Amino acid sequence: MNSTSRIWTTTGLISGVSTVLLLCGFLYAVKDIMNPLGAPIFDEQTRQESVLPTPEIESVLDVTAIGDSLAKGTGDDTGNGYARRTVQILKERGDQSKLVNNLGINGLTTAKLIPLLDEKGVQYVLKQSGVILLSIGGNDLFQETEKFQSGGELPTEMELEKSVTEASENFKQIVKKLVDINPDAQLVYVSLYNPFADLEGIKEIGNKAVTHWNSLAMQTMSEYKRTLVVPTYDLFSNNGPLYLSGDHFHPNGEGYQSIAERIVQGLGKSVVE
Amino acid sequence: MIPLVKNEMIKMIKKKRFYVILLVLVVLVPMFAYAQLKVSMNSQEKYGDDWRRQVQQGITDNQNSLGSDRVPEEWKKYRKIYIQQMKYYLEHDINPQQTGGVSFTREFLNNAATLFIPLLIMGVGSDIVSSERTTGTVKMLLTRPIRRWKILLSKLITLLMFVSLIVVSAYVICYLISGLFFGYGGFNMPVLTGFVLNGAEVDISGVHAVPQWEYLLMQAGLIWFVSITVAMLAFMVSVLVRSTAASIVIMMAALIAGNILTNMASAWTSAKYLFMVNLGLTNYLAGSPAPIEGMTLGFSLMILAIWAVCSLFVSFLVFTKQDILN
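From first to last, the protein sequence lines are chains A and B.
Residue numbering for the first sequence follows our numbering, starting at 1 and increasing by one per position.
Residue numbering for the second sequence follows our numbering, starting at 1 and increasing by one per position.
None of these hints come from the bench; they were simulated from the model.
Any given hint might turn out to be false.
The list that follows gives simulated cross-link-like pairs (lysine-lysine, DSSO-like), each with its CA atoms no further than 30 Å apart [what the hints assert, rightly or not]:
id, chain 1, residue 1, chain 2, residue 2
1, B, Lys46, A, Lys177
2, A, Lys177, B, Lys87
3, B, Lys77, A, Lys120
4, B, Lys87, A, Lys112
5, B, Lys38, A, Lys91
6, B, Lys80, A, Lys176
Nothing here was measured: the structure is a model prediction, and the numbers come from that model.
The following block holds chain B by itself, in its conformation from the complex:
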């Protein structure tokens, strides 16, 4: 088994796919960091060092929009939650918008969790089987005296190892680059977590502060779980579809559809059983409302796990049974 995994691993590295992903991160993160720097310079100009005034103005502005009839009820829910959270921060004299490399990393990964990271995962996952078909090397692989499921399993293990590598390197690259802009501090800054949402109300009885590095660890763990699910789905598509391009398109379409759905699906409640609506696990940590009412962390984890297990099942079933013609 181990020689097989080793073989796959070497193939993955030699194909330079992983380096492309690192390159994408290295190119994109400075752009976001620069944009963020502009934003914080802007507010620095208006409010000086006094973040409390800035937070209070944010609360007032959101309270104003609550009274407006033009603002959809959905948005009002978000804003009510925002107001309560900001008041909580202010009451405890914790700056929620403190800039720093660590804070930037937290914010960036929070936003990247549902689309950007899954896209990177697809970059390695979507062609792991189909590329062997496109190039025809799959026949050489299968003529060896090894059971087919072992071959597929070795590919799966390699993929999962790269999922961990991608998530961790996203954090490392993001932190190293944003540190150039904002400084490398902020590991011990307290971050509040534990906001439980009941409809439009925020239950603050469970709110507690954790040091930011612990928060990052939890966030990374959740993103990792999401990434594994995405990887397994991409793996299945890669087994089912012959061409690499087609399998990438299929996965991308699903992910983007998920992003659109999360923004507008709250009326269609059964959409919550789709995997792509459940990718925002980090929202539960940050206390932002779930896209569809009734979704909890347990629910999302279960849905993702079911999708992952089913796609694994399908992958192995198809790969061991199918005829490899050309």
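Only chain A is shown next, with the shape it has when bound in the complex:
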């Protein structure tokens, strides 16, 4: 057999086999995409069984932040927020700590947080955290005021009061769920401040609503063990220009830093000892 015949036989054979293989793949793909109900592997039973494994807690100071934009760290130019800053402070003082996840979502309200806590991934993350930093409620109270900032109507005292009572009912559910998911974790609620403390017209009713909300939240939290409410109200009362970011609503880096310091103070000296 000379060299050209050899090339012809091998190449022809390989390409023939390849073509048949690819044609099969193509037909299979078309069948599978056009008719996807062909072989559902997950029937209802396996769906029930496929529970995520319970993760190990590495350190009791492993932090997860959950909640609204404050948990996420919106307004902090470094992107750290109080979640990462808390971990940093803990590490600096020599404790073993890491940020498990930051589950903060901009604009989250109490009503939207409840279904989130039923998700398996969220529960998985919470279960491996020693410290859960919760921030929620700000959007329930102040979503209306964003309209006010852009020239809309001011929320009345009545409206704000209504938001507070509604949201605090949701808040009770949230805290209960969080404690159910991970009863061993230290649950820290970062309470609200009034971002409009230096704006005449809304300052008073804002103060009133925030204090009412904070006291309700404190009440809810005190029903459970291993809970902690970190106050931020006083931090921002006179330091608005210093601690608030450009949007006049979220804290800036320094604001988050001082919240993080508060959190660490609240967590106490090394829990490990």
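Please arrange chain B on chain A, whose structure you already have, making use of the hints.
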């Protein structure tokens, strides 16, 4: 007929065009594999072995961008779909980002399907007729006592054989090289497929897991179909245009235009009748949204088939009728 095909095949091999394509793959794949290795080392550093946390963070990050007014609605659709898919993976405790030679091959070919593989196909297709003109050998070919359409058909068959060879060797090379980086396992890892998109909603009623090797087989089949269409178009251009350089430029321009169009054409809906917008057949398998609303696998297959058949028709018509002057 067979001696003609054999003749063409030998010519193709002797011209070393096919080896160039293999060489391109051998040079490029390690680069991508290395980049991918860097990425996975990075996330390994942040999340350790816990892929579930990583997936959950991905979900949260995407949820965050949904609330932003600066993010265009188009992107939000992609992200919503991504979120739903990731939640599905997480609920069923399947790691969607597991690294391994097989997973890398799947990802790489998914991205290569619309531009890279078609470019390689063009490498052999664009000059299959025009090079004979450039060098003048076409006259020798045509003076033989064989009908012209037979000559053209033998070239077409050779081209299609090389299309199969290129697709398969892309897989083999990719797997062999990426295995050095990530290990050779992962054939049986379950991959979810069957996400049906209705607008921005994902219908998960048809979702089912297939072993990764089956997924690869399906993916290869779809890429093969795309490659054949591209090959036939390149074949037509090669018949119509005298110079090899010009025919390569024409095909490249069409392919690149297609890639740009898929990224921005959603407003111009009749663009979906262009072949180059329909090259992303593997998207239907992976469940990523089609570039233009209303496109389905059946639709894309039909469009590609129509383009392929038309270009074949034109090729044979022109080649049998035209005068070969110089």
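Given the hint that lysine 77 of chain B pairs with lysine 120 of chain A, test it: the Cα-Cα distance must not exceed 30 Å.
-> holds, 23 Å
Taking 30 Å as the top limit, are the C-alpha atoms of lysine 38 of chain B and lysine 91 of chain A close enough?
-> It holds: about 27 Å lies between the C-alpha atoms, which stays within 30 Å.
Does lysine 176 of chain A lie within 30 Å of lysine 80 of chain B when you go C-alpha to C-alpha?
-> Holds, at roughly 29 Å.
Lysine 177 of chain A and lysine 87 of chain B: Cα distance at most 30 Å?
-> holds, 20 Å
Does lysine 112 of chain A lie within 30 Å of lysine 87 of chain B when you go C-alpha to C-alpha?
-> It holds: about 17 Å lies between the C-alpha atoms, which stays within 30 Å.
Holds or violated: lysine 46 of chain B to lysine 177 of chain A, with C-alpha atoms at most 30 Å apart = holds, 28 Å
Of the numbered hints given earlier, the model fails none.
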